Amino acid sequence: MAPSSWATTEEWDWLITRNQESADATKRGRYTPWFNGVSHDYFSMYPTWQRLYGDREQLTSEEEVVLAEAIKTRRRQLANWFHNHRSPARLARASPYAAAAALRKGGRKRAPQPREVYCRLFYDDEQKAAVQEELEDAAQTLGRKLTCEETMRITRSHIDRAFEGASEVVKDQVSARVAEEKESLITASRVDDLDREPTPEEYQAAIEAGPTVLHDMLKPVVKAHGWVCSLIAAGPCPEEGGEIRSYA
Numbered sequence: 324m325a326p327s328s329w330a331t332t333e334e335w336d337w338l339i340t341r342n343q344e345s346a347d348a349t350k351r352g353r354y355t356p357w358f359n360g361v362s363h364d365y366f367s368m369y370p371t372w373q374r375l376y377g378d379r380e381q382l383t384s385e386e387e388v389v390l391a392e393a394i395k396t397r398r399r400q401l402a403n404w405f406h407n408h409r410s411p412a413r414l415a416r417a418s419p420y421a422a423a424a425a426l427r428k429g430g431r432k433r434a435p436q437p438r439e440v441y442c443r444l445f446y447d448d449e450q451k452a453a454v455q456e457e458l459e460d461a462a463q464t465l466g467r468k469l470t471c472e473e474t475m476r477i478t479r480s481h482i483d484r485a486f487e488g489a490s491e492v493v494k495d496q497v498s499a500r501v502a503e504e505k506e507s508l509i510t511a512s513r514v515d516d517l518d519r520e521p522t523p524e525e526y527q528a529a530i531e532a533g534p535t536v537l538h539d540m541l542k543p544v545v546k547a548h549g550w551v552c553s554l555i556a557a558g559p560c561p562e563e564g565g566e567i568r569s570y571a
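Heads up: the sequence shown begins at 324 in the numbering used here, then just goes up one per residue.
Please keep in mind that the hints were generated in silico from the structure rather than gathered at the bench.
This structure is a prediction, so every number in the text was calculated from the model and none was measured.
Among the hints, erroneous ones may be present.
Said to hold, decoys possible - Below, in silico cross-link-like pairs of lysine to any residue (SDA-like), each with a Cα-Cα straight-line distance of 25 Å or less:
{"#": "1", "residue 1": "K468", "residue 2": "R379"}
{"#": "2", "residue 1": "K468", "residue 2": "V389"}
{"#": "3", "residue 1": "K505", "residue 2": "E344"}
{"#": "4", "residue 1": "K505", "residue 2": "A402"}
{"#": "5", "residue 1": "K494", "residue 2": "Y365"}
{"#": "6", "residue 1": "K350", "residue 2": "L338"}
{"#": "7", "residue 1": "K451", "residue 2": "Q373"}
{"#": "8", "residue 1": "K451", "residue 2": "S367"}
{"#": "9", "residue 1": "K451", "residue 2": "E506"}
{"#": "10", "residue 1": "K395", "residue 2": "S490"}
{"#": "11", "residue 1": "K468", "residue 2": "E491"}
{"#": "12", "residue 1": "K451", "residue 2": "A402"}
{"#": "13", "residue 1": "K451", "residue 2": "Y369"}
{"#": "14", "residue 1": "K395", "residue 2": "D448"}
{"#": "15", "residue 1": "K505", "residue 2": "R379"}
{"#": "16", "residue 1": "K468", "residue 2": "K350"}
Stated by the list, open to error - What follows is a set of in silico ranges between Cβ atoms, one per label pair, in the way DEER data are often shown:
{"#": "17", "residue 1": "D447", "residue 2": "S480", "range": "10 to 20 Å"}
{"#": "18", "residue 1": "R341", "residue 2": "V551", "range": "32 to 42 Å"}
{"#": "19", "residue 1": "A402", "residue 2": "A489", "range": "27 to 37 Å"}
{"#": "20", "residue 1": "T340", "residue 2": "V492", "range": "15 to 25 Å"}
{"#": "21", "residue 1": "S498", "residue 2": "A547", "range": "47 to 57 Å"}
{"#": "22", "residue 1": "L375", "residue 2": "E456", "range": "23 to 33 Å"}
{"#": "23", "residue 1": "S569", "residue 2": "K494", "range": "24 to 34 Å"}
{"#": "24", "residue 1": "L458", "residue 2": "H538", "range": "41 to 51 Å"}
{"#": "25", "residue 1": "W329", "residue 2": "S384", "range": "18 to 28 Å"}
{"#": "26", "residue 1": "N407", "residue 2": "I555", "range": "21 to 31 Å"}
{"#": "27", "residue 1": "L458", "residue 2": "I555", "range": "46 to 56 Å"}
{"#": "28", "residue 1": "S384", "residue 2": "T464", "range": "17 to 27 Å"}
{"#": "29", "residue 1": "E520", "residue 2": "D447", "range": "35 to 45 Å"}
Every residue gets a Cβ at the ideal spot worked out from N, C-alpha and C, and that includes glycine.
Full structure from sequences and hints, please.
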């Protein structure tokens, strides 16, 4: 299954990396504040105004209305995506990497950009508070409520400045993480040594791909004899610290 039509492959990858947080937040009864935070992160990384209008600085009043509605729609889509993929079994069925993961190709995932890693590691509550202060100052200067476009532009600009002005230690940490994730993707994509011990990433990819791969394998058998076939799989899940998970 390809990524949802509203999400690019890059956005789909980003959503998958944040999906476990959704389940964790639900368990702790903190889903709503978590979703507000992850929505903020999403719109900072993938501004709707840029998708619609590129780098244009000024929008007409009609365009601002369209933008506001587009942001509301995208927020609903995000909420639906995390709701539908909160279960590991659902994520496995929806994964666009099923066949590739079964062959240890790692799917179409790409290594993250440095700014993405910086945002993931260092865009904390203090940074968010600084952004909020900038937004309030801008609104006070203009004497009106900021438009969605202005809010997104200020937020992204803050992240860009923060990353550019980060210490060499921070940038080295970001570079190291980018290199680590690139190497992980390369390792997970190897298909020339299928007898070796799989990496944790490969185990996880196979777990997520399992329902789709098994369904495709059994479909012609079921069609041929008309019977109902049932399979149950269970075992430790690397992504959840080795906790036992199952699907049927």
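Okay, the hints, checked on the actual structure:
1. K468 x R379: The hint holds at about 20 Å.
2. K468 x V389: The given pair, whose Cα atoms are some 17 Å apart, holds under the 25 Å limit.
3. K505 x E344: Holds, at about 22 Å.
4. K505 x A402: 29 Å, violated
5. K494 x Y365: Within the cut-off at roughly 22 Å; holds.
6. K350 x L338: Within the cut-off at roughly 19 Å; holds.
7. K451 x Q373: It holds: about 21 Å lies between the C-alpha atoms, which stays within 25 Å.
8. K451 x S367: At roughly 11 Å apart (the allowed maximum being 25 Å), S367 and K451 satisfy the hint.
9. K451 x E506: Measuring from Cα to Cα gives roughly 31 Å; hence the hint is violated.
10. K395 x S490: 36 Å, violated
11. K468 x E491: 37 Å, violated
12. K451 x A402: 21 Å, holds
13. K451 x Y369: 17 Å, holds
14. K395 x D448: With a Cα-Cα distance of about 24 Å, the restraint between K395 and D448 holds, given a limit of 25 Å.
15. K505 x R379: Violated, because 33 Å separates the two Cα atoms, which is more than 25 Å.
16. K468 x K350: 36 Å, violated
17. D447 x S480: 10 to 20 Å: 18 Å, holds
18. R341 x V551: 32 to 42 Å: For R341 and V551 the Cβ distance comes to about 36 Å; the hint holds.
19. A402 x A489: 27 to 37 Å: 32 Å, holds
20. T340 x V492: 15 to 25 Å: Between T340 and V492, where Cβ atoms are some 24 Å apart, the hint holds.
21. S498 x A547: 47 to 57 Å: 54 Å, holds
22. L375 x E456: 23 to 33 Å: 27 Å, holds
23. S569 x K494: 24 to 34 Å: With a Cβ separation near 42 Å, S569 and K494 fall outside 24 to 34 Å, so the hint is violated.
24. L458 x H538: 41 to 51 Å: 47 Å, holds
25. W329 x S384: 18 to 28 Å: Given range 18 to 28 Å: holds, Cβ gap about 25 Å.
26. N407 x I555: 21 to 31 Å: 23 Å, holds
27. L458 x I555: 46 to 56 Å: 51 Å, holds
28. S384 x T464: 17 to 27 Å: At 20 Å between Cβs, range holds.
29. E520 x D447: 35 to 45 Å: Roughly 36 Å apart at Cβ, these two residues keep to the hinted range, so it holds.
Checked against the numbered hints given earlier, this structure breaks hints 4, 9, 10, 11, 15, 16, 23; the rest are met.
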